[in-house]
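Participant: One-letter residues, chain by chain:
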Amino acid sequence: MDFRLTEDQSALQSGIRAWCDGQLPHERLAELAKGDPFDAKLWSGLAEMGVFGLRAPESEGGVGLGLADAALVFAELGRRLVPGPVAWTHLAAGLVPGAASGETVVGGLDLAGALGEPHLVEHFGALDVLLVLRADSVERVDAKALAAEPVATPLDPLTPVAHVRSLPSGERVGGADLAARLRLEGAALVAALSLGIAEMAQELATAYAKEREQFGRAIGGFQSIKHMLADMFVRQEMARAAVWAAGATYDQDGVGDRARAIASARVVAGDAAMKNARACIQIYGGMGYTWEMPPHYYLKRAWVLSTCFGTSEEHEARLAEMLGA
Amino acid sequence: MDFRLTEDQSALQSGIRAWCDGQLPHERLAELAKGDPFDAKLWSGLAEMGVFGLRAPESEGGVGLGLADAALVFAELGRRLVPGPVAWTHLAAGLVPGAASGETVVGGLDLAGALGEPHLVEHFGALDVLLVLRADSVERVDAKALAAEPVATPLDPLTPVAHVRSLPSGERVGGADLAARLRLEGAALVAALSLGIAEMAQELATAYAKEREQFGRAIGGFQSIKHMLADMFVRQEMARAAVWAAGATYDQDGVGDRARAIASARVVAGDAAMKNARACIQIYGGMGYTWEMPPHYYLKRAWVLSTCFGTSEEHEARLAEMLGA
Amino acid sequence: MDLRYSAADERFRAELRAWLADEVPKHGPPPPAHDWPARVAYDTGWQRKLFDAGYAGINWPKAYGGRELSATEQLVYYEETARAAAPYVGVNFVGLLHGGPTIVAEGSDEQKAKHLPRILRGEEVWCQGFSEPGAGSDLASLKTRAVRVGDEYVVTGHKIWCSFAHVGEFCELLVRTDPDAPKHRGISWLICPMHLPGIEIRPLPTLAGEGEFSEVFFNDVRVPVSARVGAENDGWRITNVTLRFERGTAFASEMINLQRVLGEIAALAKRVTRHDATAWDDAGLRRECGHLLAELDALWAMVKRSVSEAAQSGMPGLEGSAIKLYYTELFQRVSELGVRVLGRAGLARDDVAGLPSRQLIHRHLNSLSLTIAAGSSQIQRNIVGERILGLPKDR
Amino acid sequence: MDLRYSAADERFRAELRAWLADEVPKHGPPPPAHDWPARVAYDTGWQRKLFDAGYAGINWPKAYGGRELSATEQLVYYEETARAAAPYVGVNFVGLLHGGPTIVAEGSDEQKAKHLPRILRGEEVWCQGFSEPGAGSDLASLKTRAVRVGDEYVVTGHKIWCSFAHVGEFCELLVRTDPDAPKHRGISWLICPMHLPGIEIRPLPTLAGEGEFSEVFFNDVRVPVSARVGAENDGWRITNVTLRFERGTAFASEMINLQRVLGEIAALAKRVTRHDATAWDDAGLRRECGHLLAELDALWAMVKRSVSEAAQSGMPGLEGSAIKLYYTELFQRVSELGVRVLGRAGLARDDVAGLPSRQLIHRHLNSLSLTIAAGSSQIQRNIVGERILGLPKDR
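Protein chains in written order, with my numbering: chain A, 554 to 878; chain B, 554 to 878; chain C, 22 to 416; chain D, 22 to 416.
Since the hints were made in silico from the structure, they are not lab data. None of the values given here were measured: they were computed from a predicted structure. Ideal Cβ placement from N, Cα and C applies to all residues, glycine included. One should not assume that every hint holds.
Unchecked claim - With the C-beta cut set under 10 Å, the calculated list includes, among others, these residues of chain A facing chain C:
1) Trp572
2) Gln576
3) Leu673
4) Leu708
5) Met846
To be verified - With a straight-line Cα cutoff of 16 Å, these simulated EDC-like cross-link-like pairs (lysine to aspartate or glutamate) come out:
6) Lys587/B to Glu845/B
7) Lys828/A to Glu350/C
8) Lys828/A to Glu357/C
9) Lys164/D to Asp241/D
10) Lys47/C to Glu31/C
11) Lys164/C to Glu89/C
12) Lys164/D to Asp73/D
13) Lys828/B to Glu350/D
14) Lys828/B to Glu845/B
15) Lys414/D to Glu766/A
16) Lys135/C to Glu190/C
17) Lys587/A to Glu231/C
18) Lys763/A to Glu153/D
19) Lys414/D to Asp159/D
20) Lys70/D to Glu44/D
21) Lys164/C to Glu766/A
22) Lys414/D to Glu764/A
23) Lys133/C to Glu144/C
24) Lys763/B to Glu236/C
25) Lys414/C to Glu845/B
26) Lys70/D to Asp30/D
27) Lys164/D to Glu670/B
28) Lys587/B to Glu36/D
29) Lys164/D to Glu153/D
30) Lys763/B to Asp73/C
31) Lys414/C to Glu766/B
32) Lys291/C to Glu874/B
33) Lys164/C to Glu153/C
34) Lys763/A to Asp415/D
35) Lys133/C to Asp172/C
36) Lys83/D to Asp73/D
37) Lys291/D to Glu845/B
38) Lys697/A to Glu764/A
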């Protein structure tokens, strides 16, 4: 047992981080929010980095890595709020031709969980294919042929959504097992994205608290702020441990219950993302309430993620079943 | 509308406070805990102060006051953790001969709520009469003729309990209406007692934080402690407003929904008592963890109260029903 | 302790309720958030109607057009306007709840005569000029300078978080008149006309996306000395008067509104599905709603207590900080619950599938400022700890 | 990132599990809390069995009787002993998890040879002498004086919160050897024999009612200079070594135990009634349990991370403060839930009606010290904020 990153994993992590830092400095967020935040150039960059085909076998043009590696990558995407249907397209690699290479942009609707209605599809305008998860099937629908009403004002300015009023049945690509697997892997990816949000919210707030002075001193010297930041750090580190463990548990036989590890990671990381983003706004004070500063983008994305691949409440209920079994 | 105490109410409050302060300084708590905390002298003092007959009509030897006044008195009893079945005997005034004068010591079992089992009776050894509340009846049982096993170590050292394994049916003194009324009034008294706990926990902690020095200064000067105390104060004041309002709403026609006002007071004051007592222990630090210091007595009493006349969860559920109606 | 309203109070209530029942529907729905001319017209139009009907300045002196009613009648007013979902004060906020009460308490007779009646009639929109980029929680460290030249102050500085600056005619402006004095001792409180040369207004979009706030730059703006409220360099004390009004009952209507909002969230929970049930079928969610209702009841009881106390002293007490702390965090929790109940519909800020996303999300996003503005929760806890509980000051 | 245990780890696990399956039942249930001679015999007897079987000092050097196993084998050890509900370290706590590791890291060869084997064999019970009435969170301000006279220190002072003082043979004692130096620079770390003349022990009952803690008075107690660990006046650095061990994995077994406890609470919830249902029928309660399980899983994953890191550096990292913060508050919430599920049975600290009140209440009452002892949560947050995040120090 060695819970540290391997050299390859560290390289993967720092490579994707450097790329995301370069592509999406915080100054770009407000700019991206003005138009369609789906950026084809960014998307093909992600594809080239292997984000979508990361877990597809090398024989199929993928990178052949595991969910633990995907969790590292998705945490980095979360840190920089990379826009686009990254989780769905990643999940679709191997199921939908062109997904692994990013040429086919895949989105989805999870109708197997508690939050089915209304059918709001993220990044609809950019999609080629829509995957629909139901309790007993996975279907693919041609997104370009689908009618949907774009929502004028999405909650997250970087996550446009469209309302699909009438969903035709699509081509069946799998049954209950596949749906369950995709929901589980999706929850792990959401946990990883949430971890990234929790991390960056803490880092932003810490940096701001060192710089911002009131009453003649940096506000990070006041215990009320210092202790909020300490709690943010603790949440982030616990989330990191849980997310990494979920990935490794999923990839490696005999380590533990896969569904439990992922549900736990999703609950803890979701909580960390939401609470850290809220605390970040509070620590930024008035500036945290402005559109131009990054904190609110993190809260809004955390909110979006909280509705994807099962709510925290659903994962908690599932964990309770395991506990009660 | 005038939400301030009347002169009579202020006098009632300060009279009972002065008496309780004199009878039960904190040094006495550990001493009382050593033997049977039910103290006959204290009890007759309470009776003389009119605590039990407070709301009984003057024609029946009572004081003829209302639930708002009783709430003031019971908050004072809560502040000093006055031991004995004060709420049950007060509720029994007018129902059980001798209760109003304190000559008959009345305890009870509330079997109409969620927490019926096991039948643990507080201060059993001191009781003459046991009132049993059921959904559709109120019965009185001769406590002296009842078999019960005293519990060697009660949770609250000032609240001895005994286990009644087999409860005979008693003499019926009322039906569903009376049971509902007593449960409602009981919840209001519990809210008032809880308010007193929340208050004293805050006052103790504030005084300690001004005195105790670490790192060369009073610990109350550190924001982490200062802000805990501020939150304690806020909880206490909100609880006070809710408890006073519940009493007045109960006494006065046309002010509002009686059951709602009492449920709200019970929820808010119960929360304040528990959280303030916990915070008091934390602020006292190591000393808060000792048997000799007062904080733990407050937490333990808050715990006892949380199981009396409906849990917070039951009152919340009831409030939700009103909201959803 | 008497929570009954008097017969006179109840007559006032009946009369007000009848009036609102007629007038609120007539005034129509509020205009879109971005349409500022329409919002000004809507808000000031409503204020004018209130004035004409005798409901403006409920607690302001009759001499200046107020109604000078008792504290309990004010409560009745809050309850009834909230109950009727009457238009919010909107652009009249600073004038009616901030600057106006300050002038009532501290202004000269000329200032009262000049401003109070116009504020009450909806003729004068006010804006705020308190915070600066370097002076937020530490408001007293503000740097905007006012140099006295003859009977004018020449004002230079940079204000931020100015509510309604782009539609305001007057600004409650804090300036430093003595740069050498200790920071709390060199501040003055000015009524600054916003049409003066040298004022530049730059909108400041918030995370809710809209434009109530601006940054305002003052470049050698010449404000008459007669527009100063109170003595020169006594502005910090006066500011605290202003803030006490804000922290006390300025949000009273909002607090009652919140009870209605919680009811709406409960109703929504009964409509939205979770698997084969509704969200309301969940006992945990119901208890959460019940708990919030208990807290809202406690809050409103606390406001009544505070109003009863203030009726004697004439000034909101320090417990305003306790109310603000509790209210703002409670508001955030209530509104956050609304977003949670929306489920996936919460990804849209426009109503989708007949669910009230627009309003619920807007309300929650706006609520995020509540624990920051008008003294952050951290500052309020310091006030409660130091000024009420007597704990040592922060070093 | 490889969470699989090696074949060697799994062999170790199988061997340990088999041994525990035999020995734990044989050792019988723990004696009553108040019977200290029996507790000492029980705890040290178990330690002796561990030693004889080769399971004492899992990570201690072989030279002193330890097994010197890898970090992962330590984790296996924690997991298996928790799984088997093996006896708790009990009176061996200070020797095994506090003083012992400090001597391993900082002691002289003589000190190691003298104490380590005896601690591992359960022959030497240790107690703690750190806190003083005036030095709690501010431990470095301790005042117990040690004046050097020849080759002895003459120690005078008053210690509090001394765990196991009344049964300990040696005390890890912090004393001030240079009263003129800055407070962190004048402290030394002594191994004080508890039989020396001038030591007076007074039991300190806790809110849980029992007697693990004492106050200890030192009146001109003569401790040999050779019993000092590390250099004179270097005791603060050494203390931080001790505390890092405590904050790191000293509670590892307890953390896994907590998962079992949560399972027991869930099982209890299925037995107790609420109206016509069981407590477990409530969706809100179930989610609360699920949430706690998620946090326990995260905590254990964090411990694994920390152990993996420490395996390289040889020392627990600063993240021990994060672990302690999270663990202690989580422990309180889990154990508090147990009390809540008990309902009215929670009014008794003895088992009534077959419900496990004694254990559940005892566990929660004990848990109240966790956020206070070994550096309060407030102190841990300062450490995380200042030493990990680099925020300015408190003034």
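Participant: Next, verify each hint and record whether it holds.
Facilitator: So, going through the hints one by one against the coordinates:
1. Trp572: Trp572/A check fails; min Cβ-Cβ to chain C is 27 Å, beyond 10 Å.
2. Gln576: At about 23 Å, which exceeds the 10 Å cut-off, the nearest Cβ of chain C leaves the hint on Gln576/A violated.
3. Leu673: holds, 5 Å
4. Leu708: Because about 5 Å separates Leu708/A from the closest Cβ in chain C, which is inside the 10 Å limit, the hint holds.
5. Met846: holds, 8 Å
6. Lys587/B to Glu845/B: holds, 12 Å
7. Lys828/A to Glu350/C: Distance ~14 Å between Lys828/A and Glu350/C Cα, so the pair holds.
8. Lys828/A to Glu357/C: Distance of about 12 Å is within 16 Å: holds.
9. Lys164/D to Asp241/D: holds, 14 Å
10. Lys47/C to Glu31/C: violated, 24 Å
11. Lys164/C to Glu89/C: violated, 37 Å
12. Lys164/D to Asp73/D: violated, 41 Å
13. Lys828/B to Glu350/D: holds, 14 Å
14. Lys828/B to Glu845/B: violated, 21 Å
15. Lys414/D to Glu766/A: Holds. Lys414/D to Glu766/A sits at ~14 Å (cutoff 16 Å).
16. Lys135/C to Glu190/C: holds, 13 Å
17. Lys587/A to Glu231/C: Between Lys587/A and Glu231/C the Cα gap is close to 14 Å, so the pair holds against 16 Å.
18. Lys763/A to Glu153/D: Status violated; Cα separation ~34 Å.
19. Lys414/D to Asp159/D: holds, 14 Å
20. Lys70/D to Glu44/D: Roughly 8 Å separates the two Cα atoms, so the pair holds.
21. Lys164/C to Glu766/A: Given pair Lys164/C, Glu766/A holds - Cα atoms ~14 Å apart, limit 16 Å.
22. Lys414/D to Glu764/A: The hint holds at about 14 Å.
23. Lys133/C to Glu144/C: Holds, at about 14 Å.
24. Lys763/B to Glu236/C: violated, 42 Å
25. Lys414/C to Glu845/B: violated, 30 Å
26. Lys70/D to Asp30/D: violated, 21 Å
27. Lys164/D to Glu670/B: Violated, at roughly 53 Å.
28. Lys587/B to Glu36/D: violated, 50 Å
29. Lys164/D to Glu153/D: holds, 8 Å
30. Lys763/B to Asp73/C: violated, 54 Å
31. Lys414/C to Glu766/B: Holds. Lys414/C to Glu766/B sits at ~14 Å (cutoff 16 Å).
32. Lys291/C to Glu874/B: holds, 12 Å
33. Lys164/C to Glu153/C: holds, 8 Å
34. Lys763/A to Asp415/D: holds, 13 Å
35. Lys133/C to Asp172/C: Cα-Cα ~20 Å, so violated.
36. Lys83/D to Asp73/D: Answer holds: Lys83/D to Asp73/D is near 14 Å, not above 16 Å.
37. Lys291/D to Glu845/B: With a Cα-Cα distance of about 37 Å, the restraint between Lys291/D and Glu845/B is violated, given a limit of 16 Å.
38. Lys697/A to Glu764/A: violated, 48 Å
In the structure shown, a violation is registered for the earlier hints numbered 1, 2, 10, 11, 12, 14, 18, 24, 25, 26, 27, 28, 30, 35, 37, 38, in ascending order.
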